[in-house]
Each structure stands twice: as C-alpha cells, then as structure tokens.
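**Q** Chain by chain, the residues:
2 protein chains.
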Amino acid sequence: MILSALLTSVAINLGLCFLFFTLYSILRKQPGNITVYASRLVVEGKVKDGGEFNLERLLPTAGWVRKAWEPSEEEFLSSSGLDAFVFMRIFIFSLKAFTFGGIIGMFVLLPINYSGSQLKDYSDFQHKSLDLFTIANVNNGSNRLWIHFCAAYVFTGVVCYLLYYESGYISSKRIACFYSSKPQLHQFTILVRGIPVPRGSTCNDVVERFFQEYHPSTYLSHSVVRRSSKLQNLINDADKLYKRLTNLKSKKDVPQRHRRDGFLGVFGPKVDILDHYERRLGNIEDNVRMEQSYVAAKDVPAAFVSFKTRFGAAIALNIQESINPTEWISEQAPEPHDVYWPLFTVSFIRRWISKLVVFVACAYLTVLFLIPVAIVQGLTHLDQLITWFPFLKGILRLSFVSQVVTGYLPSLILQMFLSFIPPVMVMLSSLQGYISWSLIQKSACTKVLLFSIWNIFFANVLSGSALYRVNVFLEPKEIPRVLAEAVPSQASFFIAYVVTTGWTAIASELFQLPKLIFNFINRIFRRNIDDDFEPPSIPYHSEIPRIRLFALLGVTYFILAPLILPFLLVYFCLGYIIYRHQLLKVYVPKYETGGGYWPTVHNSTIYSLVLMHVIAIGIFGLKKLPLASALTVPLPVLTLLFNEYCQKRFFPLFKDYPAECLIKKDRTDQNQHNMPEFYDKLANAYNDPALMPTKYSERSDSHTSPLLHGSQA
Amino acid sequence: MILSALLTSVAINLGLCFLFFTLYSILRKQPGNITVYASRLVVEGKVKDGGEFNLERLLPTAGWVRKAWEPSEEEFLSSSGLDAFVFMRIFIFSLKAFTFGGIIGMFVLLPINYSGSQLKDYSDFQHKSLDLFTIANVNNGSNRLWIHFCAAYVFTGVVCYLLYYESGYISSKRIACFYSSKPQLHQFTILVRGIPVPRGSTCNDVVERFFQEYHPSTYLSHSVVRRSSKLQNLINDADKLYKRLTNLKSKKDVPQRHRRDGFLGVFGPKVDILDHYERRLGNIEDNVRMEQSYVAAKDVPAAFVSFKTRFGAAIALNIQESINPTEWISEQAPEPHDVYWPLFTVSFIRRWISKLVVFVACAYLTVLFLIPVAIVQGLTHLDQLITWFPFLKGILRLSFVSQVVTGYLPSLILQMFLSFIPPVMVMLSSLQGYISWSLIQKSACTKVLLFSIWNIFFANVLSGSALYRVNVFLEPKEIPRVLAEAVPSQASFFIAYVVTTGWTAIASELFQLPKLIFNFINRIFRRNIDDDFEPPSIPYHSEIPRIRLFALLGVTYFILAPLILPFLLVYFCLGYIIYRHQLLKVYVPKYETGGGYWPTVHNSTIYSLVLMHVIAIGIFGLKKLPLASALTVPLPVLTLLFNEYCQKRFFPLFKDYPAECLIKKDRTDQNQHNMPEFYDKLANAYNDPALMPTKYSERSDSHTSPLLHGSQA
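Protein chains in written order, with the UniProt record's numbering: chain A, 1 to 713; chain B, 1 to 713.
There may be inaccurate statements among the hints.
Below, computed lysine to aspartate or glutamate pairings styled on EDC-like, alpha-carbon distance capped at 16 Å [to be verified]:
1. A/Lys477 / B/Glu475
2. B/Lys665 / A/Glu475
3. A/Lys648 / B/Glu327
4. A/Lys655 / A/Glu331
5. A/Lys249 / A/Glu213
6. A/Lys664 / B/Glu644
7. B/Lys648 / A/Glu644
8. B/Lys477 / A/Glu478
9. B/Lys355 / A/Glu644
10. A/Lys477 / B/Glu478
11. A/Lys665 / B/Glu213
12. A/Lys355 / B/Glu213
13. B/Lys477 / A/Glu475
14. B/Lys664 / A/Glu331
It should be emphasised that the hints constitute simulated quantities derived from the structure, not laboratory data.
Keep in mind it's a predicted model, so treat the numbers as computed, not measured.
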C-alpha cells in the first residue's frame with residue numbers, strides 16, 4: 001500500500017463517518033425512530049412519542065455528544081451499572097495506553113524507521129510505500145534498533161502500570177457498589193447441584209434435612225429445580241396465542257374475524273377466529289396444567305438454597321459440603337430473572353462431558369472456520385455465477401458490476417459467516433451447563449475473542465492453510481522467527497483494517513441501520529408494536545472481543561509500525577463517546593456481572609504484550625542484533641510474573657466478596673432494612689416461572705401477558 | 001546384554017540379598033544393635049536392652065517376616081499412622097497392577113516378541129540377546145502388533161481402575177481416621193499471614209480486634225509469630241553446653257576436669273572446666289533472656305489463630321477475609337511440633353519471590369545436574385589419577401585394581417552426588433516458605449521425583465547432552481518418534497538396573513549398614529549415647545520417588561520389554577514385607593500429613609501411563625502400522641480425562657475435610673471430651689518454643705534437656 005492510497009481511504013471513511021453522524025443527528029429527532037435511538041428512555045418513561053413538527057427536527061445538531069459527555073463517572077455508574085462502567089473503562093484504559101504509545105511511536109520510532117535505508121524506494125513522497133514507516137526500513141544491525149528495544153520495555157512498563165491502576169480502581173468500585181446496593185436476592189442464595197437423593201425420598205426433603213442439619217443458624221428456605229423445558233415450550237405457545245387473541249379483540253374490523261379452518265386457511269369450513277383461538281388456548285392451558293402437575297413431581301437433583309445472611313451463603317458456598325466432592329456442589333446463584341432455566345445437564349458427569357464436547361467443538365470451529373468460508377467464496381467466481389444464473393450474464397459482463405461482485409461478494413460472505421459467530425458461541429456456551437445468561441454471555445465473550453484473534457489476526461498474518469498455522473504453534477522454537485517475518489509485512493493491511501472496519505463499526509453502532517430498517521417496516525405494516533417492544537441490552541460478547549482485537553493490533557504493531565496508533569486513537573475516541581451515549585440512551589442493563597468482564601480484558605492485554613515481545617525477539621534476530629533479541633527474553637517473563645501477581649492481588653475480588661464486606665453489609669442491613677419482608681420475597685424468588693399458576697381464559701381482558709409477569713416476579 | 005549375563009546378574013544379586021537377610025536375622029538379635037533394628041520399640045519402651053546370651057542368637061531365623069506380615073491393615077494403620085498406611089498401599093497398588101501386567105506380558109506379549117524375526121540372531125539360547133524378547137523383534141507391519149495395541153488399552157484400563165479404587169479406599173480411610181481421632185490442636189487452628197499492622201498498633205491487637213469483629217462466636221485465641229531465628233541459635237548453643245555439663249557432672253574421673261583456658265585448650269592458665277562451662281552457660285542464658293525480651297517486641301505480621309470448633313477454623317480458612325487478597329492469607333496450621341519456625345519470608349511478595357527463585361534453582365539443578373558429575377567422573381581416568389597421586393602408580397598398574405577403579409569409581413561418584421539430592425531438595429523446599437516440616441518434605445518428594453525421572457530415566461534413554469534432551473521436548477511433534485527409537489534400546493539396561501539397584505536398595509534398607517557401623521563405633525568410643533538417641537522417621541521424600549521410578553519403568557516397558565515385570569514384582573514383594581517391618585519396628589511416625597502423599601503417587605502413575613502411550617504411538621509408527629499409531633492417540637486423551645475426573649472426585653478430600661465431617665466431629669467432641677481443658681491447652685500450643693522460659697542453671701541436675709521439653713510442649 002502506498003501513502004496516497006492510505007490517505008484516500010482515510011478521507012473516504014472519515015467522510016462516511018461524518019455522513020452517518022449527520023444522518024443520525026437528523027433521524028434521532030424523528031418521533032418514529034424513538035424506539036430505535038432512545039429505547040432505554042422509552043422504557044424508563046422519560047420520553048414521550050410524538051410532539052409537533054418543527055424545522056429544527058431536520059437540522060443536524062451535535063447536542064447528543066455533549067449530553068453523552070456530561071454525566072460524571074458516578075452518575076454513569078449509578079444509571080448504567082458496573083458492567084457498563086467497566087466497558088467504558090476499557091476505552092479509557094486503551095486511550096491512555098495508546099496516547100502514550102502514540103507519542104513515543106510517532107515522534108521517536110517513526111522518524112527512525114523513515115530515516116533508515118534498508119528498503120530501496122526512490123518514488124516521491126506521495127507514492128512511497130507504507131513499509132518505509134515500519135521497522136522493516138531500519139538497516140540491519142543498526143544501533144538505532146536499541147531505541148525500539150527501549151521502547152518495548154518502556155511501553156510494557158506503562159501498560160502494566162495502567163493495567164494495575166485500572167484493576168485496583170475497578171475492584172474498589174466493585175466493593176463500593178456492593179456496599180451501596182440494596183439487599184439483592186442472589187446475594188443470599190446459592191445453587192446446589194448433585195444432590196444425592198436416596199430411593200424413597202424426595203429432593204425437597206433431602207435438601208431441607210441437610211441444611212437444617214449443617215447450617216441450622218443461617219438456612220432460610222430452598223426451591224428445588226424441575227425439568228421444565230417441555231412445559232416452557234407449551235407456555236410460550238400459550239403466550240403467543242394469548243397475545244394474538246388480545247390483539248384480535250382490540251381490533252374492531254370484523255371482516256378479518258372469519259377464515260377457513262384448513263390448510264393455510266384456504267380450505268375447510270369458515271370459523272370465527274376468536275372462538276377458534278379461545279378454544280385452542282383452553283386446550284393448551286389444560287395441557288399446561290397437566291404438565292405442571294407432572295413436572296412438579298419430576299425433580300432434578302438441584303436446588304436454590306437461600307440463607308438469612310450473605311455470610312451464611314458464602315460459608316455454604318466456599319466449604320466443600322459432602323464427603324463426595326461431586327455431590328452437593330454449590331455455586332453462587334444468579335439474579336432470579338437471569339437464571340437459564342433449561343438446566344438440563346445437571347449431573348456432575350453430564351456437565352463435565354458436555355463441557356468437553358463444547359470445548360472440542362469450539363476448538364474445531366475456531367481452527368477450521370476459514371476452510372468452508374474459502375470454499376463458499378470460491379463459488380462466487382464470475383464464471384461460476386454465470387453458469388448458475390445464465391440470465392444474469394448480460395449484467396455480470398458489465399465491467400462495473402463484475403468489479404463489485406468479485407470485489408465485494410467474497411468479503412460480504414466472510415462478513416456474513418463472521419456475524420454468525422457470536423450467536424453460535426452463545427449457543428455453545430449455553431450447552432456447557434452455565435446457570436445464567438450472564439455467565440453464558442461471559443463465556444461466549446472469551447470464545448469470540450479467541451476466535452477473532454485466530455481468524456482475523458493470525459489468519460491474515462500467517463497466510464496459508466489452517467494446518468500450516470497450527471503447525472507453526474507446534475514448533476515453539478520457530479514461533480518468533482515465523483511471526484517476525486510475517487507480522488510486519490501485514491502492517492499496511494491492518495492499518496487499512498482499522499480505518500475501514502473499525503471506524504465503520506463504530507459509526508454503524510450509532511446508526512443502527514438494521515434496527516432502523518426493521519422499525520421502518522414494522523411501522524408501515526403493523527400498528528401496535530409497542531406491546532412487543534423489548535429494549536435491547538448491549539451484546540458484550542460481540543463488542544468486547546472486537547475492541548480487544550483492535551487493542552491487540554495496537555500493542556503488537558507498536559514497535560513494528562507505529563503509524564497504526566493515530567488511527568486507533570481515533571477509533572477509541574469515537575468509541576468512547578458513542579458507546580457512552582448508547583449505554584445512556586439505548587441499551588438497558590439486564591443483568592449485572594459486577595465487573596466480571598475485567599479479567600478477560602486483563603488477560604487479553606497480557607496476551608498481546610507477550611505476543612509483541614515474542615515478535616520483538618524474532619525481529620531483533622532477523623535484524624542481526626542478537627544481543628537485543630536475548631535481552632528481550634526477560635520482558636515476557638516479567639510480564640507473565642506481573643500477570644501472576646495481578647491474578648493473586650485482584651482476581652479473587654472479582655469472584656467472591658471477602659468476609660469483611662459480607663459481614664459489614666449483613667450488619668448494616670439488619671439495622672436498616674425491613675428484612676422479614678425481604679425474606680418472604682426470597683422464599684419464592686427462585687421458583688421456576690414455568691410452574692407459576694397461569695390463567696389466560698379468565699384474565700384474557702387484562703392487557704399484559706401473564707407470562708411476562710411470571711418471569712419477572 | 002545376553003540372556004546368560006542377565007541370569008548371572010540375577011543369581012549374584014539374589015545371593016547378595018539372601019546373604020543380607022541372613023546377616024540381618026543374626027545381627028538383629030544382638031542386644032547392642034537394638035537401637036538400630038528396633039529403634040521404635042526402644043522409644044516406646046517395648047524392648048529392653050541386654051538379656052542373657054544363648055545359642056539361638058547366632059542362628060538365622062525368619063520370624064521377623066512372619067511378624068511383619070501378621071498385623072492386619074487396621075492394626076498397622078492405628079500403630080503407624082495414615083502416611084505409613086498410604087506408603088504401604090503404594091506397594092499393594094503396584095503389586096496388583098504389575099501382577100496383571102506381568103501375566104499379560106509374560107504369557108502373551110513375550111511369546112509374540114520372541115517368535116518374531118526382525119532381529120537376526122542365530123546364536124544358541126544362552127547367548128541370545130535380550131532384545132529378542134522386546135518389541136524390536138516383532139516384524140515390521142506385522143498384524144501381531146495389534147495384540148500389543150490391545151494390551152496397551154487393557155493395561156491402561158486396569159491401572160486406571162486400580163488407581164480409582166485405591167484413591168477411593170485411601171480417602172475413605174482418611175475420613176475414618178479423622179472421625180476416630182481425638183481432638184487435635186492443629187484441627188482448630190489456622191495460620192494467618194500478611195496481617196496489615198498500622199503504625200502505632202501491635203500485631204497482637206490487630207489480630208484480636210479482627211477476629212473478634214468478624215468471627216465473634218468461634219474465635220478462641222491466637223499467638224503472634226516472632227522473628228526468633230537468632231534466639232533459636234543461642235538456645236541451641238545453651239542446650240549443647242548444658243548437655244556437656246550434665247555429662248561432665250555425671251562422670252567421676254577428675255583428671256579430665258581441668259584444662260588450659262586458651263587456644264585449643266593447650267595454652268593459658270589451667271581452669272576447672274565445670275566452673276568454666278557453668279560460667280559460659282550463665283552468660284549465654286543472660287543473652288537468651290535479653291534476646292527473648294527483645295524478640296517479644298519484634299512482631300512478624302503472622303499469627304496462629306485458634307477457634308472453638310473445627311468448622312469455625314474451616315470458615316476462616318476458606319473464605320477470603322480481607323478486601324486486599326494479599327492480606328490476611330490463611331492456611332491450615334500444622335501440628336505444633338511440626339511447625340518450621342524460621343518463618344522468615346512472611347510477606348506476600350517475599351514468599352512469592354523466594355518461590356520463584358527456588359523454582360528456577362530446582363529446574364537448573366535438575367536439568368544440568370549431570371554436567372558437573374560428568375566432569376568429576378572425567379577426572380577419575382587412570383592416567384589422571386596417576387599424575388595426581390604418583391605414589392599409587394604401582395598399585396594402580398595392577399590389572400585388578402585398575403578394573404575396579406575405572407569400573408566402580410565413576411558410578412560411586414554418581415551415587416555420592418545422587419545421595420546429596422534429597423537433602424538439597426529439602427533445603428530448597430524449606431526456602432520456599434512452607435510452614436511445616438511435613439509440607440517441606442512433601443514438596444521435596446515431588447522435586448526428587450522429577451529429578452529422578454529426568455536424570456535416571458531420560459538421561460539413560462536419550463543419551464546425549466542435557467541440551468539435546470531439552471531440545472527434544474521443545475519439538476513436541478518429534479517426541480514420540482525420538483522416544484520410540486531410544487526407549488526400547490535401553491530395555492536391558494533398565495532390567496539390570498531393577499535387579500542391581502532396586503533389589504540392593506531394598507536389602508540395604510533392611511540391613512541399615514551405615515547406621516550399624518555408626519552404632520558400632522559409638523558403642524566402642526562412647527558409653528552414654530542413649531541420652532542423644534532420637535529414633536529415625538522414614539524419609540518419604542527419598543523413598544517414594546525411588547519406588548515410583550521403578551513403577552514408571554514397569555509401566556513404560558510393559559509393551560516394549562515385558563521381561564522387566566517379573567523382576568519388578570520381586571522388588572515390590574520384597575519392598576512390601578521389608579518396609580512393613582521397618583515401619584512397625586524401626587521408624588517412628590513424627591508428623592502426619594493425613595495421606596497427603598497419595599496425590600503425588602496418583603499423578604506420577606498418570607504421567608507414566610501417558611509416557612507409555614506416547615512411546616506406543618511412536619513405536620507403531622516405526623513398525624509401519626500407522627493405523628495402530630493413530631488409534632492409540634485417544635488413549636492418552638482418555639487417561640488425562642480420567643485424571644481430570646479423579647482430581648475433581650478425590651483430590652479435594654486430601655486438601656480439606658468437608659463441612660459434613662467437621663460439623664459431625666465437632667458435635668461428638670462437645671459431648672464426649674473435656675473441651676475446656678483442651679481449649680486451655682490450645683491457647684498456648686502455638687507459642688514459639690524459643691520464647692519459652694529457660695532456666696538451665698537451677699535445673700541443671702535434672703536429666704533431660706529443657707529444650708526438648710519445650711519443642712514438644
């Protein structure tokens with residue numbers, strides 16, 4: 001890539017971003033788009049539809065930027081929760097690290113790289129290759145490489161310091177949030193699995209007896225988990241039918257109330273749909289009741305056990321209960337509405353096996369993902385398309401069309417396949433036996449991150465078959481050399497990647513094109529969608545991996561091609577303001593992991609640092625400076641030791657709360673809150689929503705769905 | 001090696017063993033050797049010195065074998081403790097596994113190997129090479145190799161089943177021992193380190209306040225650890241002096257009571273030694289008192305904290321106490337007399353760094369051990385010796401002497417270096433910051449095991465430089481091939497190794513030659529040694545690694561050269577009976593890890609199985625049966641999964657006792673034992689013995705050492 005091409009690309013993408021922002025600032029003021037651009041405010045009842053038309057609505061303004069910027073950290077934390085706060089801290093951390101890195105890179109490393117003469121390039125400035133700005137241009141054996149060497153040490157030191165500071169800051173916030181929170185149901189509850197139920201007694205009795213025996217002073221109540229997935233399906237059916245019925249009743253136009261009762265509503269005798277639906281709902285309801293009584297007797301050897309104090313729950317959680325360590329396994333309970341009810345793999349062995357299977361599936365998917373994609377992309381060659389769709393021959397022969405098709409179709413297919421990855425990873429994680437949606441999302445986040453690093457970073461760096469890439473990692477001694485040869489040559493690709501994919505991703509996050517279109521279609525074809533309206537929550541499992549991948553690029557290319565850093569800084573600046581805005585206006589926090597994503601961020605940062613060091617070791621070797629290569633070896637070792645220390649110093653705090661906090665909090669609660677009332681609530685909080693009594697037929701004139709009530713009780 | 005050579009070696013070693021046993025059965029009956037051959041019985045007061053001379057004493061008998069065999073497992077367990085019981089279970093486990101392996105190996109694999117014709121060997125039976133009995137003799141690509149393949153699967157299955165059974169059996173015994181034990185001090189106590197002491201307050205106050213605040217119902221008492229290593233030295237000096245003084249007083253021969261008070265007792269004025277010693281003792285005692293009052297003010301931020309119940313201690317142990325996870329770190333306390341008092345590395349960071357340093361030192365020692373040994377061995381060439389000691393020229397030129405010197409000296413040097421390894425590893429482990437001797441020994445056991453596997457197994461298999469061996473493991477893909485080429489060719493060496501080193505080690509364990517000689521010299525030159533007599537305890541850290549190394553040889557050579565198995569069976573049979581005898585008669589259990597060595601045994605077994613599989617994969621590849629090679633790959637995977645399962649199923653039990661046991665035991669104690677008395681004892685149990693009041697001068701007529709009292713209080 002030459003310099004002018006990069007500048008053109010930057011200009012185009014800046015233009016696109018600006019266009020998006022302008023469009024956004026107009027569209028967000030249109031009343032119809034309010035559910036897309038301010039869904040959180042709608043749910044919280046802070047915005048009303050409609051309002052009068054005025055000219056101001058059509059003028060682009062930047063007021064939203066100011067509004068997103070204004071709230072202080074404390075305000076943001078209290079309105080959006082700790083997870084969102086941690087998410088924003090990722091941007092702040094990256095901005096700090098790359099501002100420092102950018103200054104060193106642009107004012108120290110870049111001039112050194114450019115002043116080298118290893119690559120002979122006599123073209124004028126505009127046509128100079130971007131490689132002139134990379135370490136590849138420094139002369140072999142030049143002593144100037146020692147400056148790169150120092151930069152690697154200094155940058156690592158600064159990143160580690162920032163990481164340490166950030167970990168400390170976030171964990172102190174986590175404790176502060178805990179102290180200031182109201183009593184929460186899940187803090188008093190644990191999930192116990194692998195309950196040994198002897199023949200002739202029920203799980204209910206066994207749990208009751210066990211905890212009254214061994215935790216008599218703190219045990220409060222429990223609810224046994226039931227195998228309710230079939231019931232859940234029935235209730236979903238009933239719910240849908242009930243909604244349709246309510247809609248139908250509220251409509252006054254009679255002609256639609258009759259249709260034929262046969263195949264596709266075309267054949268058979270004419271029936272009154274209202275009657276028909278009510279009869280079907282009655283049937284399903286009977287089934288539900290039958291299934292409920294059946295399910296109520298079908299125990300799963302697992303139960304949510306609630307305690308009178310948080311410390312009591314922590315004791316039961318932390319001390320192995322039974323002589324057989326595979327029985328009475330306890331886990332912190334999630335918030336009641338966060339529970340993933342299809343807990344179908346409850347036995348120790350089955351959970352363990354499904355974990356293994358998912359691990360293998362995930363590894364295969366990650367390693368071999370690009371093979372089917374390449375095959376599908378191969379099918380989109382122009383002549384292949386013409387053979388399949390001969391009627392398109394004329395159009396495809398046009399030079400413009402053919403360029404677009406061959407240029408964009410393969411990358412479109414790749415993007416399409418890639419967009420399936422987060423949901424697939426969520427699916428795999430849910431098979432793993434996690435007990436809550438938040439844990440599933442967290443696990444999927446790690447999976448997507450590993451997937452991205454392998455299939456975006458390594459696939460582009462080590463261009464070649466998947467087998468070749470796997471092979472590289474089977475020869476540990478060769479890794480530095482291979483990476484040092486391959487990584488710098490991809491610098492211009494990744495600079496372009498940041499500018500195109502990165503900036504566009506941020507702009508489209510703001511613009512929400514698919515939702516805008518969906519909302520538009522919905523408004524045209526259906527009227528009453530507000531009933532179904534469910535506000536989105538931020539998909540951490542696809543956003544965090546993307547951001548971390550860009551940070552990985554920044555860290556790895558810091559000494560190789562510092563030119564990437566300014567573009568990354570623009571990405572993180574835009575990201576900071578736009579995500580802050582979205583978290584305040586659009587996304588609703590659904591469940592709280594209490595900053596549980598930070599360890600993932602920490603680990604990925606350490607990983608990128610070590611990757612950078614390994615490449616540096618290889619580079620100094622290739623550049624005929626073996627001493628620098630040898631002296632870089634302590635750097636990854638020190639970084640890993642730092643990581644080890646952080647794991648001990650901070651990570652325990654992200655897992656459990658310490659006894660000190662629990663006991664203090666318990667004591668203040670006993671004085672301040674109405675605990676008996678809270679205990680009453682606790683006793684029924686963890687009942688399966690599918691087992692709640694449902695009565696559609698009698699209440700069918702009420703306007704809200706009983707199931708929604710159930711699942712939020 | 002040829003068959004007849006093996007048979008000769010077996011005959012010689014059997015003869016030697018028989019000789020040792022005969023000598024032993026005579027010597028053990030001599031009254032003078034009673035402290036060597038029945039030291040435990042002496043300590044327990046079950047045997048008395050002397051007795052009349054009769055002829056029977058000079059006749060070899062085998063009664064000791066019967067006596068060692070007789071006690072049931074329960075009796076053995078109650079008399080020798082759980083650790084000794086686990087030690088014997090290692091032999092039983094190995095016997096079971098290798099009996100099965102031996103039957104398969106000798107009656108199935110060996111005939112197949114021998115009937116092959118890959119190695120052309122036309123000599124008569126006596127001169128046939130041992131290689132004919134190994135897998136090397138099976139023809140390439142022969143379908144008979146599938147029988148080896150099946151044998152690998154079946155043997156692995158059987159070993160895993162035995163391992164599972166044994167783990168279950170031992171952990172049930174561990175729980176049973178716990179239930180049947182009296183209240184023990186260390187069960188109620190934890191060690192807390194990293195206590196944050198603010199300026200102006202003492203550690204004592206901080207601990208008191210913290211536990212009264214957060215564990216008010218269970219907290220009993222605590223004792224702060226003090227930095228007492230200097231004091232300890234002083235007390236040791238005083239103790240030695242005191243002993244000498246007592247000896248001197250008890251002697252009646254006046255001439256020795258005066259000597260000159262100067263250099264080496266030769267110059268200076270004559271003094272009365274008794275007076276002189278008493279004055280010196282007085283001085284030291286003053287120093288001790290001064291140092292004691294000084295040390296009492298010099299806190300270390302660590303304390304032993306005792307609780308009213310075991311469950312109370314477990315709660316404080318298992319739940320992170322403080323917001324900063326590097327403060328208030330708790331650990332189960334060891335038995336009071338097991339505490340390793342020089343707890344000099346108490347801060348979190350310092351312990352962590354010393355752990356790292358020890359790890360690196362250990363890795364270096366293990367990997368590079370053979371290099372200095374080889375250099376020293378190189379110095380013992382005959383001409384080198386003659387240059388150094390020219391006066392020995394005549395003797396060294398004798399052919400017999402030169403053969404002995406060149407043949408035995410290098411291996412003697414190797415043995416000498418090897419014998420230093422267990423103490424060195426204990427030293428390294430003690431630097432690591434363990435709080436008790438038993439933990440130090442356990443950690444040294446693992447270190448010695450790794451050392452032995454590397455320096456005995458791999459050094460012989462991959463003959464070549466240490467760097468070459470390290471290199472092999474840096475190319476993971478090559479490992480199976482390299483091992484498959486190297487391991488079978490060393491079969492005859494290891495068979496000879498089992499017969500010579502193994503059998504001799506067992507026989508000398510019984511015979512205790514060094515102790516016998518030491519005892520003999522002592523009896524001749526000194527009279528009153530009984531005062532100093534301290535019974536030995538079994539050095540698990542050198543015995544277990546040796547036994548596990550032989551088991552590793554058995555497992556790895558099972559499919560390669562099954563001829564090794566009968567010799568191993570003899571080793572384990574002899575070992576079983578002899579160690580059982582020694583544990584009953586000689587070794588005194590000093591401290592109890594509660595079966596803590598079993599996980600090490602388990603892990604080493606899994607390691608040897610996987611090693612065997614890796615070699616099998618390589619062998620089938622070399623033998624041109626790639627399908628068998630590929631089908632062996634699942635075997636290590638399955639074995640590792642089995643290991644993973646066992647880690648979850650059994651290992652938690654070896655770490656802590658579950659809540660169920662703790663609470664049950666607490667309740668029975670409250671009813672049965674006189675707990676207030678026990679609590680009184682508990683309050684002072686963990687005071688540093690160095691800080692106990694010592695008064696030599698006044699009590700100097702009492703016959704036992706005050707320090708010994710102190711350290712066992």
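**Q** What's the verdict on B/Lys477 and A/Glu478, does the C-alpha distance respect the 16 Å limit or exceed it?
**A** 13 Å, holds
**Q** Tell me if the straight-line CA distance from B/Lys665 to A/Glu475 falls inside 16 Å.
**A** With a Cα-Cα distance of about 54 Å, the restraint between B/Lys665 and A/Glu475 is violated, given a limit of 16 Å.
**Q** Hint check: A/Lys655 vs A/Glu331, CA-CA at most 16 Å. Holds or violated?
**A** 11 Å, holds
**Q** Taken at face value, is the distance from the CA of B/Glu213 to the CA of A/Lys665 at most 16 Å?
**A** 13 Å, holds
**Q** Would you mind confirming whether the straight-line C-alpha gap from B/Lys355 to A/Glu644 stays at or under 16 Å?
**A** 13 Å, holds
**Q** Checking one constraint from the list: CA of A/Lys664 to CA of B/Glu644, max 16 Å. Satisfied?
**A** 38 Å, violated
**Q** Checking one constraint from the list: CA of A/Lys355 to CA of B/Glu213, max 16 Å. Satisfied?
**A** 42 Å, violated
**Q** Are the Cα atoms of A/Lys648 and B/Glu327 separated by 16 Å or less?
**A** 11 Å, holds
**Q** Is it true that the CA of A/Lys477 sits at most 16 Å from the CA of B/Glu478?
**A** Between A/Lys477 and B/Glu478 the Cα gap is close to 13 Å, so the pair holds against 16 Å.
**Q** When you check the alpha-carbon spacing of A/Lys477 and B/Glu475, does it fall within 16 Å?
**A** 8 Å, holds
**Q** Between A/Lys249 and A/Glu213, is the straight-line Cα distance small enough, at 16 Å or below?
**A** Violated, at about 55 Å.
**Q** Just to be careful, I want the Cα atoms of B/Lys664 and A/Glu331 compared with a cutoff of 16 Å; is the pair within it?
**A** 23 Å, violated
Consistency note: the structure conflicts with the earlier hints numbered 2, 5, 6, 7, 12, 14.
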